[in-house]
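These protein sequence lines map, in sequence, to chains S and G.
Sequence positions in the first sequence follow our numbering and run 31 to 415.
Sequence positions in the second sequence follow our numbering and run 436 to 570.
These are computed hints drawn from the structure, not numbers from a lab.
Even glycine gets a Cβ: it sits at the ideal position worked out from N, Cα and C.
Treat the hints with caution; some may be incorrect.
Claimed, not checked - Facing chain G, from chain S, some residues (calculated, C-beta under 7 Å):
hint, residue
1, T88
2, Q161
3, V165
4, R176
5, N204
6, A395
As the list claims (entries may be wrong) - Pairwise CB distance ranges, derived in the manner of DEER restraints:
hint, chain 1, residue 1, chain 2, residue 2, range
7, S, E167, G, P462, 27 to 37 Å
8, G, H553, S, D96, 15 to 25 Å
9, S, R179, G, H553, 28 to 38 Å
10, S, R179, G, K517, 41 to 51 Å
11, S, L394, G, V498, 34 to 44 Å
12, G, I535, S, A274, 27 to 37 Å
13, S, A351, G, V455, 57 to 67 Å
14, S, E37, G, H553, 52 to 62 Å
15, S, P361, G, D487, 46 to 56 Å
16, G, A521, S, A327, 39 to 49 Å
17, G, E540, S, A327, 27 to 37 Å
18, S, R412, G, W497, 28 to 38 Å
19, S, P361, G, A490, 51 to 61 Å
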Amino acid sequence: MTVDDVELRELVPRVLSVLVRRGADFATAEDAVQEALIRAHRAWQREPPSDPQGWLITVAWRALLDMARSNAARRAREVRFDAEPPTGVVPSADDTLRLYFLCAHPDLTSSSAVALTLRAVGGLTTRQIAQAYLVPESTMAQRISRAKRTVGRTGLDRPGDVGTVMRVLYLVFNEGYSGDVDLAAEAIRLTRQLASLVDHAEVDGLLALMLLHNARRASRTRPDGRIVPLAEQDRSMWDTELIAEGVAVLQRALARDQLGEYQAQAAIAALHADAPRVEETDWVQIVEWYDELLRFADTPIVRLNRAVAVGEADGAPAGLAALADIDEHVPRREAVAAYLHERNGDLELAARLYAEAARNAPNLAERDHQMRQAARLNDALRHHR
Amino acid sequence: MAKYLLLKHYRGAPAPVNNVPMDQWTPDEVDAHMQFMSDFATRLVGSGEFVDAQALSPDGVWVRYDGEGRPPVTDGPFAETKDLIAGWMMIDVDSYERAIELAGELSAAPGAGGAPIHEWLEVRPFLAAPSTFME
């Protein structure tokens with residue numbers, strides 16, 4: 031049999047939390063769990079254990095003892111741990127949750143918190159994380175070990191909270207797909223696990239948001255990497271099962287009447303997912319949800335997206351009016367302005383703005399997309415003359 | 436998290452404060468400069484921010500396609516080319532501010548008399564991969 035990687039990694043935070051609860055320091059315990067994972071990949075191919083979690087705890091505990099002994103030999107100190115592996119220890123949900131909080135410690139930079147979460151909670155190897163973020167493995171190894179030192183030094187009395195954890199998972203999801211690790215899928219897995227550990231409307235909101243976005247993923251880019259705008263996406267490619275699940279999770283969250291920014295974002299995503307054709311999109315309700323979202327996150331980016339929705343709900347002039355008081359330096363502002371001016375019939379201005387949007391685009395796919403829009407309008411203008 | 440290129444130029448950058456060419460430095464000053472660059476890279480590996488560092492030879496040549504079945508045309512190098520890249524350091528950092536901070540530190544590399552060169556470095560962000568939430 032081949033070892034089911036995801037099933038194995040599901041056990042990682044539980045095993046780690048048992049080791050930490052038994053007195054191991056976080057950094058060493060985390061290394062020991064990684065060591066146990068490597069051994070599991072080898073040993074389980076021959077003979078899968080009847081109790082995978084117990085197997086991992088035992089092997090990780092022995093690895094921990096080996097590490098402690100070699101450290102003790104170096105420092106001429108005594109081994110502090112029981113030689114016997116903890117048996118029959120049931121990992122508690124609170125301990126596992128605490129691990130999430132530790133890895134999203136407020137003293138960590140966001141890139142460190144992301145890396146540590148993917149390793150200590152997600153069970154990914156340093157190499158996989160390095161590949162996903164396109165940095166050398168040695169750089170990622172240092173980023174993780176520094177993060178572990180920070181957490182070990184100050185973390186235990188002052189862990190992060192569910193808000194910082196959600197922020198980290200949001201960032202992981204947003205990174206999408208590169209290398210052989212699907213970070214969006216990994217973020218969904220970890221958010222699902224978090225939702226099972228904590229009773230929190232916003233965690234469900236975040237999970238719903240991820241599911242609803244992921245449902246549309248296949249339609250968002252062409253095989254050659256070109257961006258397909260929402261209005262042109264082939265809606266038959268949308269994953270209806272994921273959408274149904276996302277909507278159900280969102281409805282459960284909203285029923286608790288503790289609205290927050292992730293639920294509001296998920297509601298907007300759900301309204302898009304709900305329209306069988308783009309013409310059937312309920313833009314009026316989408317604008318209302320953007321107004322809700324502004325109460326929790328009044329950012330220029332939210333206002334920018336709201337201006338697009340206003341343009342669809344009330345016409346391009348209304349959209350342009352909504353755009354007027356947004357800071358000129360907000361990323362993608364020219365792209366939105368170009369779109370609204372095109373809808374308003376001012377093709378020359380729109381073409382200039384698309385070209386400007388291409389120059390200022392934050393990524394290659396978007397730059398090419400905006401450049402094609404500019405080229406399309408300039409071509410149309412030439413034929414009209 | 437974003438990647439930036441800290442570009443060092445042979446030509447094309449504004450004149451640095453300590454503007455003595457390297458061949459006029461003492462051997463110890465050259466050593467100190469090299470050591471500084473290597474220590475800087477090591478420190479970035481340690482902070483989890485290093486991606487790559489490379490130096491380029493100043494000898495380049497211009498090449499272009501010259502039609503079906505013909506070998507490419509080469510020309511140059513042209514002395515009048517305004518901009519000449521000497522090398523780069525690629526970093527992966529949390530913010531634009533951090534990229535600027537690191538470029539500032541790198542620009543303090545010692546030159547003649549052991550004093551910082553105050554060399555102008557060019558900071559260029561990479562066009563990243565598109566993010567999942569972008570629409």
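Violations among the numbered hints: Going through the list in order, the structure violates hints 1, 2, 8, 11, 12, 15, 19 and respects the others.
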